[in-house]
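Once you've looked at the hints, dock chain W against the given chain S.
In the order they appear, the protein sequences are chains S and W.
For the first sequence, our numbering begins at 1 and goes up steadily by one.
For the second sequence, our numbering begins at 1 and goes up steadily by one.
Hints listed in this document are in silico derivations from the structure and should not be mistaken for laboratory results.
One or more of the hints may lead you astray.
No copy is singled out in the list; a pair is fine if it fits within one copy or between any two copies.
Here are the simulated DSS-like pairs of lysine-lysine, each with C-alpha atoms no more than 30 Å apart in a straight line [stated by the list, open to error]: (1) Lys179 <-> Lys3; (2) Lys55 <-> Lys27; (3) Lys8 <-> Lys27; (4) Lys3 <-> Lys27; (5) Lys8 <-> Lys55; (6) Lys3 <-> Lys26; (7) Lys185 <-> Lys3; (8) Lys3 <-> Lys55; (9) Lys185 <-> Lys8; (10) Lys26 <-> Lys8; (11) Lys26 <-> Lys55; (12) Lys185 <-> Lys27; (13) Lys179 <-> Lys8; (14) Lys179 <-> Lys26; (15) Lys179 <-> Lys27; (16) Lys55 <-> Lys185.
Number of protein chains: 2
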Amino acid sequence: MRKVDPEKHAARRQAILDAAKACFAKKGFHQTSTAEICAAVGMSPGNLFHYFPNKQAIIGAIVDQEGEETAAFFRDLGARDDLYGALVEFMDVVLDLAGDVDFASLALEISAEAGREPTIAARVGRNDRELRAALEQLLTDAGARGQVDPTLDIADTATWIAALVDGVFNRVAVDPDFKPENHHKTMRTLLGRYLRPQA
Amino acid sequence: MRKVDPEKHAARRQAILDAAKACFAKKGFHQTSTAEICAAVGMSPGNLFHYFPNKQAIIGAIVDQEGEETAAFFRDLGARDDLYGALVEFMDVVLDLAGDVDFASLALEISAEAGREPTIAARVGRNDRELRAALEQLLTDAGARGQVDPTLDIADTATWIAALVDGVFNRVAVDPDFKPENHHKTMRTLLGRYLRPQA
Numbered sequence: 001m002r003k004v005d006p007e008k009h010a011a012r013r014q015a016i017l018d019a020a021k022a023c024f025a026k027k028g029f030h031q032t033s034t035a036e037i038c039a040a041v042g043m044s045p046g047n048l049f050h051y052f053p054n055k056q057a058i059i060g061a062i063v064d065q066e067g068e069e070t071a072a073f074f075r076d077l078g079a080r081d082d083l084y085g086a087l088v089e090f091m092d093v094v095l096d097l098a099g100d101v102d103f104a105s106l107a108l109e110i111s112a113e114a115g116r117e118p119t120i121a122a123r124v125g126r127n128d129r130e131l132r133a134a135l136e137q138l139l140t141d142a143g144a145r146g147q148v149d150p151t152l153d154i155a156d157t158a159t160w161i162a163a164l165v166d167g168v169f170n171r172v173a174v175d176p177d178f179k180p181e182n183h184h185k186t187m188r189t190l191l192g193r194y195l196r197p198q199a
Numbered sequence: 001m002r003k004v005d006p007e008k009h010a011a012r013r014q015a016i017l018d019a020a021k022a023c024f025a026k027k028g029f030h031q032t033s034t035a036e037i038c039a040a041v042g043m044s045p046g047n048l049f050h051y052f053p054n055k056q057a058i059i060g061a062i063v064d065q066e067g068e069e070t071a072a073f074f075r076d077l078g079a080r081d082d083l084y085g086a087l088v089e090f091m092d093v094v095l096d097l098a099g100d101v102d103f104a105s106l107a108l109e110i111s112a113e114a115g116r117e118p119t120i121a122a123r124v125g126r127n128d129r130e131l132r133a134a135l136e137q138l139l140t141d142a143g144a145r146g147q148v149d150p151t152l153d154i155a156d157t158a159t160w161i162a163a164l165v166d167g168v169f170n171r172v173a174v175d176p177d178f179k180p181e182n183h184h185k186t187m188r189t190l191l192g193r194y195l196r197p198q199a
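With the rest of the complex left out, here is chain S:
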């Protein structure tokens, strides 16, 4: 029996996810065949099957990985001295990602698939819960330090920041004139006025 090298296995798995992300962003989830993903990563369909039983499992793993990356990002942000600045930096990254055509297309594909597939919807919902929990923690700690207004309702404020994140990605889909890279300043005005301690 052949032994599996865990590092090599993880690297191949990641190569599949990266190739699939590029294919889904370019062609759409349903328009991409597993054969195309195999070709992009240089792997036989039989070999791909050792990593993922089907295309659905691949998009599920992509959603899981996005959740892990967001969690890791917030662990870093939470260690900052300036937690309001950390929140603004998170929104800077949101604008950067929304301005990345591949990432924004993939986000739309995932939303559409969540509308069709309950297992994907459950994963998207879990990522969203974790995002709001991370925002709540950041707002609570920032409030305790006087870096954001401590009188704000934390859960509701996290919900409206999450709505802004959703909204930024939806703007990309609906408004061809929306260039996220031009909106860092307005985002700072909005967040600063809304969240900073009131005079």
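Then chain W, alone, in the frame of chain S:
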């Protein structure tokens, strides 16, 4: 040749649109057959065909009508003395509509169909442009009266308000705990701090 009574024709056309909206919201656009719409409105398929050539034309007419309703609503709002209050009232209506399960489901169906069909995407894009133009007009007039901060960039501010509208509808889809009816107060805090003239 039979003469068409324009009023009766318009009323029948509207009955079809209302029945279709209810079917699309309950079952989804693709899962609804024209036969089901005919049954709901009490009309033969041959008769329906006098009004709309296909299901696509029905959803297109629904999107057109939403655009007209939004335009009429903003014409009313623009005649108010308190234009900041008018803007808050618009967002109150957005929260009410997002809390209406049928309306929110239909909005998601339209977004999904816009992602698949360029003719629907073009209509959704036109509605969005008109919404932003109406918001810009309201913000400009409110700024001239000192009801909102006149130093805000009008187009960018309209874009972020549109992002909030998108975000509210997306919250309904992604967050089962989001109850729009509980968010009127936080919406007022956010808009007031962001938009009101700064001390």
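Hint by hint, here is what the structure shows:
1. Lys179 <-> Lys3: For lysine 179 and lysine 3, the Cα distance exceeds 30 Å both inside one copy (50 Å) and across copies (52 Å).
2. Lys55 <-> Lys27: both (14 Å within a copy, 26 Å between copies)
3. Lys8 <-> Lys27: Within one copy only: 28 Å inside a chain, 46 Å across chains, cut-off 30 Å.
4. Lys3 <-> Lys27: Classified as neither; 36 Å inside a copy, 50 Å across copies.
5. Lys8 <-> Lys55: Result: close within a single copy only, 21 Å intra versus 51 Å inter.
6. Lys3 <-> Lys26: neither (36 Å within a copy, 52 Å between copies)
7. Lys185 <-> Lys3: So lysine 185 and lysine 3 fail the 30 Å test inside a copy (54 Å) and across (60 Å) alike.
8. Lys3 <-> Lys55: within (26 Å within a copy, 56 Å between copies)
9. Lys185 <-> Lys8: neither (44 Å within a copy, 53 Å between copies)
10. Lys26 <-> Lys8: within (27 Å within a copy, 48 Å between copies)
11. Lys26 <-> Lys55: both (16 Å within a copy, 28 Å between copies)
12. Lys185 <-> Lys27: For lysine 185 and lysine 27, neither the intra-copy (33 Å) nor the inter-copy (42 Å) Cα distance is at most 30 Å.
13. Lys179 <-> Lys8: Classified as neither: same-chain Cα gap 39 Å, cross-chain 46 Å, threshold 30 Å.
14. Lys179 <-> Lys26: within (19 Å within a copy, 35 Å between copies)
15. Lys179 <-> Lys27: within (22 Å within a copy, 35 Å between copies)
16. Lys55 <-> Lys185: neither (40 Å within a copy, 43 Å between copies)
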